[in-house]
Amino acid sequence: MAITRPAPTGPDTAHEPPRDTEGPEPAAPSAPAVEAPSAPEKPSESRSPLILTMLLLTLVLLQGPLRGALDAPVMQSWMTVFVAVLVQALPFLVLGVLLSAAIAVFVPPAFFARALPGRPALAVPVAGMAGALLPGCECASVPVAGALVRRGVTPAAALAFLLSAPAINPIVLTATAVAFPRNPEMVVGRFVASLLVSCVMGWLWQRLGRTDWLRTPRRSHYEGPSKGAAFWNSVRHDVMHAGGFLVLGAMAAATLKAVAPASWLRTAAENPLVAILALAVLAVLLSICSEADAFVAASLTQFSLTAKLAFLVVGPMIDLKLFAMQAGTFGRGFALRFAPATFVLAILGAVLTGAVLL
Amino acid sequence: MNRQAQAAVLFLTGAALLHAGVTDLYLRYVKAGLQPLLLASGAVLIVAALATVWYEWRGRRHRTDSHDAEDAHGDHDHGHTHREPRISWLLVLPLLALILVAPPALGSYSAMRTGTALQQPYGYGKLPATGPLDLNVVDYATRAVYDHGRNLKGREIKVTGFVALDRSGAPYLVRMALNCCAADAQPVKIALTGTIPPVLQPDKWLEITGSYIPRQTRDPVNGGPVPYLKVASATPVATPKDPYDESWNT
Chain X
162 MAITRPAPTG
172 PDTAHEPPRD
182 TEGPEPAAPS
192 APAVEAPSAP
202 EKPSESRSPL
212 ILTMLLLTLV
222 LLQGPLRGAL
232 DAPVMQSWMT
242 VFVAVLVQAL
252 PFLVLGVLLS
262 AAIAVFVPPA
272 FFARALPGRP
282 ALAVPVAGMA
292 GALLPGCECA
302 SVPVAGALVR
312 RGVTPAAALA
322 FLLSAPAINP
332 IVLTATAVAF
342 PRNPEMVVGR
352 FVASLLVSCV
362 MGWLWQRLGR
372 TDWLRTPRRS
382 HYEGPSKGAA
392 FWNSVRHDVM
402 HAGGFLVLGA
412 MAAATLKAVA
422 PASWLRTAAE
432 NPLVAILALA
442 VLAVLLSICS
452 EADAFVAASL
462 TQFSLTAKLA
472 FLVVGPMIDL
482 KLFAMQAGTF
492 GRGFALRFAP
502 ATFVLAILGA
512 VLTGAVLL
Chain A
45 MNRQAQAAVL
55 FLTGAALLHA
65 GVTDLYLRYV
75 KAGLQPLLLA
85 SGAVLIVAAL
95 ATVWYEWRGR
105 RHRTDSHDAE
115 DAHGDHDHGH
125 THREPRISWL
135 LVLPLLALIL
145 VAPPALGSYS
155 AMRTGTALQQ
165 PYGYGKLPAT
175 GPLDLNVVDY
185 ATRAVYDHGR
195 NLKGREIKVT
205 GFVALDRSGA
215 PYLVRMALNC
225 CAADAQPVKI
235 ALTGTIPPVL
245 QPDKWLEITG
255 SYIPRQTRDP
265 VNGGPVPYLK
275 VASATPVATP
285 KDPYDESWNT
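Same order as they appear, the protein sequences are chains X and A. Numbering-wise (the working numbering), the first sequence opens with residue 162 and increments by one. Numbering-wise (the working numbering), the second sequence opens with residue 45 and increments by one.
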């Protein structure tokens with residue numbers, strides 16, 4: 162989604178050495194015997210098709226031994242969860258990428274200037290409510306929010322949208338109602354708390370945010386010879402970029418699911434405050450799609466409703482795969498400040514709403 | 045990764061999604077309802093790959109026409125290619141996992157690490173009055189635990205699930221229940237007693253014929269209720285088309 166570096170200005174810049182704006186990539190957690198293909202050091206970009214072909218060929222030739230190495234139950238369950246998270250998230254990522262490319266290429270910036278109130282303080286809640294219109298989970302909202310910023314929407318409003326969209330759209334709220342048939346107040350609580358937190362985050366950014374924290378995605382990518390070229394260029398770039406970060410997040414989530422012991426949850430449930438914190442942390446680590454998290458929350462029977470609400474409010478706003486994707490879209494400096502603030506505010510919002518409603 | 049390589053990765057990813065969506069492979073990872081979305085996104089990725097190649101080819105031809113001299117010094121990258129971040133290389137991993145390995149659906153390893161997800165149902169469907177009862181694991185367990193086996197007593201019962209053994213070697217019949225994808229799959233367990241086959245291999249699917257007994261145990265992981273089933277006979281069966289129980293989705 163985002164530009165990771167200023168767009169080259171002319172043919173000459175094609176020779177500049179790759180600037181490592183992504184930082185070192187975390188090593189694959191408990192990586193399978195497959196060599197992480199993030200490693201290739203290529204002297205020239207034009208060799209990458211060759212490298213890709215060689216890599217694929219080697220792995221196809223080695224598939225017998227590889228399968229043997231991956232036969233251990235823990236490895237298999239890691240891979241199943243890893244593939245499952247991706248297979249489940251990719252369609253939504255593609256949906257978000259198509260939407261964001263359409264916004265970037267076909268919707269004139271003037272549209273947003275007219276649709277949103279001029280005063281940022283008002284634009285934030287309006288954008289937060291607009292989140293209800295994006296049917297999907299968090300993978301779709303990151304690229305769309307990036308496109309909004311690029312189209313001149315004030316960042317505070319775009320961020321409110323980013324946070325609210327995965328939690329308050331009709332699909333997610335319906336799933337929550339189905340998962341908590343005896344506690345319809347959970348649906349109300351989720352809606353209120355999520356909207357509240359996204360608006361507060363938006364206003365907070367308005368007050369304290371600095372533009373140099375946000376790597377404003379402004380680049381020439383969207384100026385192709387034709388609108389079609391610009392559209393597909395944006396789709397390609399966003400899928401490759403956000404997809405890479407999604408893979409990173411999926412690896413982390415699979416590692417947690419396959420390796421971490423489940424029994425510590427029982428101990429955590431005994432103290433009400435610890436319970437809330439534990440489920441908030443769990444929401445971050447598990448990185449479950451917001452369309453499914455209500456069912457997981459419902460199954461954590463030992464925990465209080467407020468703790469479950471914290472799980473439902475934190476999860477769609479910040480988790481491992483979202484953090485990776487936000488860092489990719491808006492820059493690491495942004496994600497490092499934005500994520501902890503979101504986490505703390507989401508817990509506070511959930512506790513407050515829980516105290517009033519549940 | 046330059047644009048040709050990106051187009052290749054996009055194409056392969058799209059093809060892998062289409063392949064998984066057309067065969068039953070996707071059912072190992074996600075719920076059945078996701079199939080149309082999977083197919084659509086696979087198609088979009090393939091179109092994106094083709095569009096990338098097409099515009100690249102057109103752009104290159106255009107450039108050769110206008111900058112002949114510049115093209116002479118080597119076939120390195122064309123003018124305005126942006127270096128894509130190396131993170132894109134990670135996309136090769138799931139591709140390999142899906143095409144080469146195609147990991148199996150979650151089995152006994154995950155089942156025994158997670159507590160039973162049995163929940164009280166809103167109501168019970170009607171059972172046929174006579175003949176053997178064909179129940180799934182979730183249905184048997186909920187009726188046995190929350191309905192106290194009211195309509196199960198004295199009936200011949202058939203249940204299909206996979207075998208899992210706990211630390212002490214006690215056998216369970218398990219089915220993973222799924223809401224969205226395998227990351228949120230949770231087991232529902234039935235403890236087995238009676239004439240248990242002498243050799244039980246974890247992850248093997250069995251159709252068990254047996255009867256209800258009013259006995260329960262606690263799941264060692266989360267303390268959830270686990271009903272017993274008295275086994276009369278067990279026959280190995282093939283893994284079902286959809287290995288997960290999706291009855292909670294409806």
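Worth flagging that the hints you see were computed from the coordinates, not collected in a lab. Please note: incorrect hints may appear among the correct ones.
[Claimed, not checked] Reference listing, derived: stretches of chain X covered by chain A, where coverage requires no fewer than 3 residues with Cβ under 8 Å from a Cβ of chain A:
#, stretch
1, 260-267
2, 353-365
[As the list claims (entries may be wrong)] EDC-like cross-link-like pairs, simulated, lysine to aspartate or glutamate; straight-line CA separation at most 20 Å:
#, chain 1, residue 1, chain 2, residue 2
3, X, Lys388, A, Glu100
4, A, Lys170, A, Glu100
5, A, Lys248, X, Asp232
6, A, Lys197, A, Glu100
7, A, Lys274, A, Asp286
8, A, Lys202, A, Asp183
Everything numeric in this text was worked out from a predicted model, so none of it was measured. Positions of the beta carbon are idealized from the N, C-alpha and C atoms, including for glycine.
For each hint, the structure was consulted:
Residue count for the stretch 260-267 of chain X with a Cβ under 8 Å from a Cβ of chain A: 0. That is fewer than the three needed, and the coverage hint is violated. Beta-carbon proximity to chain A at under 8 Å applies to 0 residues in the stretch 353-365 of chain X; the threshold of 3 is not reached and the given coverage is violated. Simply put, X/Lys388 and A/Glu100 have alpha-carbon atoms about 15 Å apart, close enough for the 20 Å limit, and the pair holds. Using a Cα cut-off of 20 Å, the hinted pair A/Lys170 and A/Glu100 is violated, with the two alpha carbons roughly 62 Å apart.
At most 20 Å may separate the alpha-carbon atoms for a hinted pair to count; A/Lys248 and X/Asp232 meet this at roughly 16 Å. Between A/Lys197 and A/Glu100, the direct Cα distance comes to roughly 70 Å. Violation of the 20 Å bound is thereby established for this hinted pair. Between A/Lys274 and A/Asp286 the alpha-carbon distance is near 26 Å, which puts this suggested pair outside the 20 Å criterion. Between A/Lys202 and A/Asp183 the alpha-carbon distance is near 11 Å, which keeps this suggested pair within the 20 Å criterion.
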